[in-house]
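Using the hints provided, position chain B relative to the given structure of chain A.
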Amino acid sequence: MIYGASAVYYRELLILRRRLTRLIPSWCVSPLLYLIAFGFAMGKHVTLDGHTYMEFLLPGLIAMTSMTQAFAISSEINIARFYWNIFEEIQAAPVSDISYVAGEVLAGMTRAFLAILVVLVLGLLFGVVLSLNPWFWLAILLNSFLFASLAVGIAMLVKSHADQSLMTSFVITPMAFLGGTFFPLENFPVWAQKIIYFLPLTHASTAIRTAAFGNRPSFVSLMILAVGGTLLFCISVWCVKKAKD
Amino acid sequence: MIRIENLNKTYKTIQALKDVNLEVNKGELFAFLGPNGAGKTTTIRILTGLTRLSSGTVSLNGFDVGNRSVESRRQCGLVPQSINLDRELSVFENLTIHGKLFRMDRQERNKRIDELLDYVEMGDRKETLVKNLSGGLKRRLMIARALLHSPSILFLDEPTVGLDAAIRRKIWALIRKIQQHGTTIFLTTHYIEEAEFLADRVAFLDKGSIVIVDTPRALMNRMGTWALDRLKEDDMETLYFNDRKEVNDYIAAHKDSFTLRRVNLEDAFLALTGKKVK
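Chains A and B are the protein sequences, given in the same order.
If you read the first sequence in the numbering used here, its first letter stands for residue 1, the second for the next number, and so on.
If you read the second sequence in the numbering used here, its first letter stands for residue 1001, the second for the next number, and so on.
Please keep in mind that the hints were generated in silico from the structure rather than gathered at the bench.
Only a predicted model underlies this, so the values are computations on that prediction, with no experimental measurement involved.
Just so you know, not all the hints are guaranteed correct.
Result set (DSS-like, lysine-lysine): computed pairs, CA atoms no more than 27 angstroms apart in a straight line [stated by the list, open to error]:
#	chain 1	residue 1	chain 2	residue 2
1	A	Lys159	A	Lys44
2	A	Lys244	B	Lys1207
3	B	Lys1245	B	Lys1255
4	A	Lys159	B	Lys1012
5	B	Lys1111	A	Lys244
6	B	Lys1138	B	Lys1111
7	B	Lys1012	A	Lys242
8	B	Lys1255	A	Lys159
9	A	Lys159	A	Lys242
10	B	Lys1255	B	Lys1012
11	B	Lys1012	B	Lys1026
12	B	Lys1232	B	Lys1255
13	A	Lys244	B	Lys1012
14	A	Lys241	B	Lys1232
15	A	Lys241	B	Lys1018
16	A	Lys242	B	Lys1018
17	B	Lys1018	B	Lys1255
18	B	Lys1138	A	Lys244
Extracted from the complex, chain A is given alone in its bound form (with noise of 0.2 angstroms):
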């Protein structure tokens, strides 16, 4: 498993590699606009359990980051499977389907970390300095996890590039606002955040930001992350025996 799984995952370095010049730029786009019009202009005189809306927002960037970073995995497949034809490539030599998720997960890890590191030093030029402790770590791993397993069976689900763009538009782009990104769950009415709780960002958010000032975050928001990443990764890998024909 593990040789099937690195072949894999050294394919997408090398391309993560190639772009990373023109990659970088654009992992600082989003978190640099929220932090601009959310932290610097609008919450710049709000206050939240004694932190500056600033220390507030970051870990709630860094969240929606992992997320969308390791779901953005799905769309390097689909190019690679849909326009390049490289999927059957992998599919025709002896690798596993267990091995080529875990290829593609570890890929879709390592962009959202990648992504994070930006965040951070953005952070700092904002002024701000977060707690990255284990914990902290810990959740960013876990939620990274979560969203690349995801992005795998999605990956494989769709017929088309353009249905992956509604799977985003659905899925990730709600979540990134509802999961307790930008302002705290408890602004929510309670119906609602009986909904919200079941969103994994809603977890990662609170976990990462607990974490990031200084404190143990909640076992059980770090358990669904673990739970419900593997339950994604084992349905990927049905997908991807299912994407044949």
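Relative to chain A, chain B alone:
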């Protein structure tokens, strides 16, 4: 050796392959000839484990393909019809990925890459990005990549489609060279001359069924040696003759306009299926 027994493939309501039975011997260059949609690519996809079969059994060197075993996949190299290289990566990187997928260790992989790039006359292109290669070079690189893990069977799905005549000849020479090194080659094509020039044996495939399997020479001999095309009002009539004297006598006895040529595989295909390959 490739063995196919009672192979069937159905896509929802469409039967793509019907009771295909075939044996390809070790070291043989076998061609699957048929028009678009005959089932050539489906057969190759099943043989290489990319598509599930509906029923029947398929084995490569005794390893069952149906269960997508690692061993069956190690036996074969595949050059698909469409270019499936990583365009943003270099020639060397593309080959390295393939070597890693087939679990080759670094030393063995790098040695083999150098050997194969020389073999396909691309030794000076190692660091070139694939997107900067011509169509013919991309095709040669795909062949080199398929040979990297030293498979005993090479599948070539329409290997010269879209290439000009000169490059096509170069690819043919390369395919011949590969066969001379003992590799079994299974080729699909809808180019008559490709099958005639390369194949030891040819199977005619029509609507998912094998019509006949024989050597190109034997298939053409069924028709004769000479073909005389005569343009009728809205159709072309072709007459077949065994020797040149018969042809001359026929032309002398008729005042029509004729085109004389040698019999080719297209004639045999037309006679057996009632349709042209192209």
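Against the structure, the hints come out as follows:
For the given pair, A/Lys159 sits about 45 angstroms from A/Lys44 by alpha-carbon distance, which is inconsistent with the 27 angstroms threshold. At roughly 22 angstroms between alpha-carbon atoms, A/Lys244 and B/Lys1207 fall within 27 angstroms of each other, so this suggested pair holds. Between B/Lys1245 and B/Lys1255 the alpha-carbon distance is near 17 angstroms, which keeps this suggested pair within the 27 angstroms criterion. For a cut-off of 27 angstroms, the pair hint linking A/Lys159 to B/Lys1012 stands: about 17 angstroms separates their Cα positions.
Taking the CA atoms of B/Lys1111 and A/Lys244, the gap is about 34 angstroms. The hint is violated against a cut of 27 angstroms. Restraint check: the Cα-Cα separation between B/Lys1138 and B/Lys1111 comes to about 21 angstroms, which is no more than 27 angstroms; the hinted pair holds. The straight-line distance between the Cα atoms of B/Lys1012 and A/Lys242 is roughly 15 angstroms, inside the 27 angstroms bound, and the hint therefore holds. Distance check on the hinted pair: B/Lys1255 and A/Lys159 sit about 60 angstroms apart at the alpha-carbon level, beyond 27 angstroms; violated.
At roughly 12 angstroms between alpha-carbon atoms, A/Lys159 and A/Lys242 fall within 27 angstroms of each other, so this suggested pair holds. Under the criterion of a C-alpha separation no larger than 27 angstroms, the hint pairing B/Lys1255 with B/Lys1012 is inconsistent with the structure, at around 54 angstroms. For the suggested pair B/Lys1012 and B/Lys1026, the alpha carbons sit about 35 angstroms apart, so the restraint of at most 27 angstroms is broken. For the suggested pair B/Lys1232 and B/Lys1255, the alpha carbons sit about 13 angstroms apart, so the restraint of at most 27 angstroms is met.
A distance of roughly 14 angstroms separates the Cα atoms of A/Lys244 and B/Lys1012; the hinted pair therefore holds under the 27 angstroms criterion. Annotation: proposed proximity of A/Lys241 to B/Lys1232 is violated, straight-line Cα distance about 54 angstroms (limit 27 angstroms). Of the pairs offered as hints, the one joining A/Lys241 and B/Lys1018 holds, with about 25 angstroms between alpha carbons and a cut-off of 27 angstroms not exceeded. Distance restraint check for A/Lys242 and B/Lys1018: the Cα-Cα separation of roughly 23 angstroms lies within the 27 angstroms cut-off, and the hinted pair is therefore satisfied.
As the CA atoms of B/Lys1018 and B/Lys1255 are separated by approximately 46 angstroms, the hinted pair breaks the 27 angstroms bound. Using a Cα cut-off of 27 angstroms, the hinted pair B/Lys1138 and A/Lys244 holds, with the two alpha carbons roughly 26 angstroms apart.
Checked against the numbered hints listed earlier, the structure breaks hints 1, 5, 8, 10, 11, 14 and 17; every other hint is satisfied.
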